[in-house]
Amino acid sequence: MNRQIFRDGWAFFLLVTLLAAMVLAGSYLWLRVDLKNEALREHRRQVDNQLNLWQEQLYDAKWDSVADTSDDVRHLGSYDEARLMADTLVWYVYPDGHAIIEGTAVIDLDGRVRPSKQAAVINDAREPLAPALLARLKKEKPWLDDPWLASYQFVIKAFQDDPEREALVSPFIQAPGRLVFVIAAPWRDQSGALKGAVIQQQAIGQLFNDVIKPGTHGVSLWIMDAKGTLGVATDQTARESASIFLASGALPQAMAKGLKAAREGKFGAGGSLVQGLGLKTAHLYWRTMEDSFIVAVVENTAGLGAQGQRTLNRFGAIALISLVLLAAAGGAYTLLYLRRENRMLEKAALRRYTGTVSHRVRNSLSVIRGVNEMFQHKLPGDQGPLSTGLVNAETAIEDIEDTVRELERLSQGQVDLVYDGQVGKASMYRLHPDKKQGGQG
Amino acid sequence: MSLILIVDDEPGVLQTFGDWLESDGYEVASAGSAEEAMAWFRQTNRFPDAALLDIKLPGANGFELADWLSKDFDFDDVIFLTAFFWEEETRQELVARRRPYFEKPLKFTHEVLPFLRRYISENQG
Chain D
4 MNRQIFRDGW AFFLLVTLLA AMVLAGSYLW LRVDLKNEAL REHRRQVDNQ
54 LNLWQEQLYD AKWDSVADTS DDVRHLGSYD EARLMADTLV WYVYPDGHAI
104 IEGTAVIDLD GRVRPSKQAA VINDAREPLA PALLARLKKE KPWLDDPWLA
154 SYQFVIKAFQ DDPEREALVS PFIQAPGRLV FVIAAPWRDQ SGALKGAVIQ
204 QQAIGQLFND VIKPGTHGVS LWIMDAKGTL GVATDQTARE SASIFLASGA
254 LPQAMAKGLK AAREGKFGAG GSLVQGLGLK TAHLYWRTME DSFIVAVVEN
304 TAGLGAQGQR TLNRFGAIAL ISLVLLAAAG GAYTLLYLRR ENRMLEKAAL
354 RRYTGTVSHR VRNSLSVIRG VNEMFQHKLP GDQGPLSTGL VNAETAIEDI
404 EDTVRELERL SQGQVDLVYD GQVGKASMYR LHPDKKQGGQ G
Chain H
-4 MSLILIVDDE PGVLQTFGDW LESDGYEVAS AGSAEEAMAW FRQTNRFPDA
46 ALLDIKLPGA NGFELADWLS KDFDFDDVIF LTAFFWEEET RQELVARRRP
96 YFEKPLKFTH EVLPFLRRYI SENQG
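Chains D and H supply the protein sequences, listed in that same order.
With the first sequence counted from 1, adding 3 to any position gets you our numbering.
Heads up: the second sequence at position 105 corresponds to 100 in our numbering, and the numbers run straight through without jumps.
It should be emphasised that the hints constitute simulated quantities derived from the structure, not laboratory data.
Even glycine gets a Cβ: it sits at the ideal position worked out from N, Cα and C.
Fair warning: there could be bad hints in the mix.
Not the full set, but computed from the structure, chain H residues with beta-carbon under 7 Å of chain D [said to hold, decoys possible]: (1) Met(-4); (2) Ser(-3); (3) Gly7; (4) Thr11; (5) Gly13; (6) Phe36; (7) Phe103.
Just chain D, same shape as in the assembly (with noise of 0.2 Å):
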């Protein structure tokens, strides 16, 4: 085969394979920032539309427990102080037991729980929870049937601090096992003296399995309250960018921000910022419950977008899978090409070769013949052996004759070249099935 055609032929097949894989992989990079962008916002919305919901349900839990400890506080004295703890206690628990706070009491000025205590060991009928029910609880939470502070002063001075508060929310407080918080609300006197407080006492960790994680798959989220002490942080990466925003200064930032938001009589507030954890860039997104505490989530960018990222894995496979058989398919038909290519150089050279010989010979041929018929026409009679010799002659120019007619005709396709059976005088070409024989002059 023509080296340079060989070379032009497979170069040609290199460059559309390199042109089709460079369209494919530009396709391939545009997809994949389209689909990034476009599952970063879809996801980003998600977050946004989550956080929100959960800054609503931490809203709504916190004024379900100031409003019952405002209307407790409004009761005392009119009833039994014990059955008004329980009657407030069953609408937080269920009848398994479960319970969305940890007990309900009055404190007195001293900060210690009156004797009316509600911890959450009833059913939604008022009654004791089973022993053995109790029992099973209390491997998971051996405080149940205790899980009151040794002092609740600092309700006490909080509403001593400043008459005109009408609830407390306090920061997390270590108690053992896990962090609470205490919603409260103040006993006043008529003339406004300070008598008590009423208070509903949840464990941050119990709030976030009742209201957030059923929302928080995949998610690494934290919550702080207002003092920077760390509520829930799901994992590792949320427990580096709480720290982080902690020491960052942020937090007291956004506690601001949510005070003036619930002046305004929103939930709380709300923002995003970038954090380097580690070498890795992560989103941060946050929500202020009023100014109380601060839920946010956190994502590594190079998470993001998993959906988009599995329909581009996909895109990309497809992608590979057609630039293969695109391969295939060209080097086949380049193959095919150079062989086409080939038979026809060698039918054209056979067609210049053919030329030459035949112009050559059949001119060669003319002068011999000439001469043969020359001395024929010329010699008197029957000359014996030299007649015969110049009819022989004849004979032979015939064959030669015959030979390159052949020759041409080959070189014109009306024949193809077998390659048996080429004995004496049988021609070693034959008639191609569907041609005629061309005509000759």
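Start from chain D and add chain H according to the hints.
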């Protein structure tokens, strides 16, 4: 005596053809190319009774020479000789021109000479 011009680039063909024609009683002129033939026509004071033109010639070919002769000298008594009748283009051109032709190798005693005698006789008659 009839005059015949032979134009062929093969000296052997010119010589053999010339010998045959002379032995048959013709006066013979020869040229090795179209340009030589044109030069001969310009200087001669007698046109040939027939001109045998090989098709494949160095320079202009036999067809072009025939066109020149027709245009410049109003001479159309040309007979073509060819070793390329097997080529489609040559065959088509020959058929289209409607002129006599002989395929090489020439068969003098059975084809060429009988035809020339008849051709010249008919033209002179």
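The hints, checked one at a time:
| no. | hint | result |
| --- | --- | --- |
| 1 | Met(-4) | violated, 20 Å |
| 2 | Ser(-3) | violated, 19 Å |
| 3 | Gly7 | holds, 4 Å |
| 4 | Thr11 | holds, 3 Å |
| 5 | Gly13 | violated, 10 Å |
| 6 | Phe36 | violated, 24 Å |
| 7 | Phe103 | holds, 5 Å |
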